[in-house]
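Engineer: The listed protein sequences correspond, in order, to chains A and B. Here the first sequence is numbered in the working numbering, starting from 3 and rising by one per residue. Here the second sequence is numbered in the working numbering, starting from 3 and rising by one per residue.
It is worth saying that the hints were derived from the structure and are not from the lab. Heads up, a few of these hints could be off.
No copy labels: a pair is met if it fits in one copy or bridges any two.
[To be verified] Restricting the straight-line Cα-Cα distance to at most 20 angstroms, the calculated cross-link-like pairs of lysine to aspartate or glutamate (EDC-like) are:
id : residue 1 : residue 2
1  : Lys19     : Glu140
2  : Lys13     : Glu125
3  : Lys191    : Glu21
4  : Lys191    : Asp143
5  : Lys48     : Glu167
6  : Lys48     : Glu215
7  : Lys195    : Asp176
This one's a predicted model, so the numbers in the text were calculated from it and none came from an experiment.
Number of protein chains: 2
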Amino acid sequence: MIDLLNASVPKLSELLKPELLATLQGLAQVIQYHEGQLVHQRGDPKPGLSIVKAGRLVAGNIGMDGSILTTSVLGTGDCFGEFTLFVGLPRTHDIYSHGASEVYQVPRSRFMALFAQEPQLAEALLAIALYRNHSLLEYMDNLRRQPLLYRTAQLLLSNAKRHPETNVIECLQDQLAFTLGVSRVSIGKVLNKLQADELIQLGYRKIIVNDLERLEAWVADRNLLMPLTASGVGSE
Amino acid sequence: MIDLLNASVPKLSELLKPELLATLQGLAQVIQYHEGQLVHQRGDPKPGLSIVKAGRLVAGNIGMDGSILTTSVLGTGDCFGEFTLFVGLPRTHDIYSHGASEVYQVPRSRFMALFAQEPQLAEALLAIALYRNHSLLEYMDNLRRQPLLYRTAQLLLSNAKRHPETNVIECLQDQLAFTLGVSRVSIGKVLNKLQADELIQLGYRKIIVNDLERLEAWVADRNLLMPLTASGVGSE
DNA sequence: ACTACAATGCTAAAAAGTTTGCATTTGAAG
DNA sequence: CTTCAAATGCAAACTTTTTAGCATTGTAGT
Numbered sequence: 003m004i005d006l007l008n009a010s011v012p013k014l015s016e017l018l019k020p021e022l023l024a025t026l027q028g029l030a031q032v033i034q035y036h037e038g039q040l041v042h043q044r045g046d047p048k049p050g051l052s053i054v055k056a057g058r059l060v061a062g063n064i065g066m067d068g069s070i071l072t073t074s075v076l077g078t079g080d081c082f083g084e085f086t087l088f089v090g091l092p093r094t095h096d097i098y099s100h101g102a103s104e105v106y107q108v109p110r111s112r113f114m115a116l117f118a119q120e121p122q123l124a125e126a127l128l129a130i131a132l133y134r135n136h137s138l139l140e141y142m143d144n145l146r147r148q149p150l151l152y153r154t155a156q157l158l159l160s161n162a163k164r165h166p167e168t169n170v171i172e173c174l175q176d177q178l179a180f181t182l183g184v185s186r187v188s189i190g191k192v193l194n195k196l197q198a199d200e201l202i203q204l205g206y207r208k209i210i211v212n213d214l215e216r217l218e219a220w221v222a223d224r225n226l227l228m229p230l231t232a233s234g235v236g237s238e
Numbered sequence: 003m004i005d006l007l008n009a010s011v012p013k014l015s016e017l018l019k020p021e022l023l024a025t026l027q028g029l030a031q032v033i034q035y036h037e038g039q040l041v042h043q044r045g046d047p048k049p050g051l052s053i054v055k056a057g058r059l060v061a062g063n064i065g066m067d068g069s070i071l072t073t074s075v076l077g078t079g080d081c082f083g084e085f086t087l088f089v090g091l092p093r094t095h096d097i098y099s100h101g102a103s104e105v106y107q108v109p110r111s112r113f114m115a116l117f118a119q120e121p122q123l124a125e126a127l128l129a130i131a132l133y134r135n136h137s138l139l140e141y142m143d144n145l146r147r148q149p150l151l152y153r154t155a156q157l158l159l160s161n162a163k164r165h166p167e168t169n170v171i172e173c174l175q176d177q178l179a180f181t182l183g184v185s186r187v188s189i190g191k192v193l194n195k196l197q198a199d200e201l202i203q204l205g206y207r208k209i210i211v212n213d214l215e216r217l218e219a220w221v222a223d224r225n226l227l228m229p230l231t232a233s234g235v236g237s238e
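Full structure from sequences and hints, please.
Structural biologist: Here it is as structure tokens:
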């Protein structure tokens, strides 16, 4: 499974003190989903915060023309639904379970009561929202500026880096196409180019990144924006 | 001037109690900028929150190949720089003044002191970040799914709706190109198509939307995603 | 009214991506 | 070891967008 955005976004479970996280989970109902089951649907009016307890969820949208776009993959500790809590709008994405999963569902009223008492909650959600924002802006810039070849390499790189122990990314070319928003044919073409440059090796249901550092250098070389380094932030 | 994202995002000045806003502004230094002057540059490490006091700023990025992409236009009451406050990363965008402007600049240390005391501040910033997030996600979906013709019409519509008193949008086709991330030739083509359908009328340095409702209907007709309506949010 | 520059219009060739349809490969289930 | 469905590979026609260059139009300043 491959993901567009979540790579550098912290999880709610990492940002909250364990006790606060436990309290929050205590307000929730745990719901189990099976492979492919819909967790939320775009347009769903029921508000609430959800936290992934186990398994994986996929967020995306299906267009009226049948086109599918995957936006994000949510793993254990990730939260979603914040938007429905603070804005009078329904769910913005279809979310379905990828394999079996368990999700904490916190109804809006209960959440808001805790939210009013615990300023930490707002800070954690703020941090997450700001990180997501940043990821989105950087990705949108790439989307408008960079060719598919680059974007594909970048996506493979960021996902390969998340499992440094192995050099294999397990994903279908179809999934890559949904994620990058292009056709499978186009994905095939650019994957072949990357393979010809010996940056990756294509397999059945998988892609092998033999030399992570070479791929990283290749991407860095072609980056059109100044990379942002976490330099020591000045005091003022 | 035309804007991609800000249309439906509330301003900090609208979300804070007047007293709190005044306190925050009291911590700031007011800095004046002249036409074209750089307010921040991508990579700038100096953190702080900024609020537009008067005038307009443009946020965008210039690629190493010279390509320009405009991300957002900031007007009076809009804030920026939140990201530098909570994450150890430098500025993510070039921001320059469009015409003369004045900006409240709040240094990080002063801001954080107030932030710790006033939970309202976190809530307001959270609301803004979530709205921005939503705009970005919807736009990214459009970017991947919809043809330029549609995206252009949508952009013109949302900007025309912000000045309902007049039916004129003052912008250069170059600016449209920067905003949509395409070439001027492509913009010219789609604008001509829209004009041929009598949805807009092209002028020198301006675009006239004679019939806002017809344009709105045209866009709604072609929308591939279910529109999100602010239905009364259920209690749970 | 003339000039000069900025903005817009237009064209043709090339590049990138899509669609459609079919061939080939792979791995898992009998 | 077959068989079969899923996944991948491939090709051709088509559409969209870019690049580059130049022509035309609008407007402010003189």
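Engineer: Mind listing which of the numbered hints don't hold for this structure, in increasing order?
Structural biologist: Numbers 1, 3, 4, 5, 6, in rising order.
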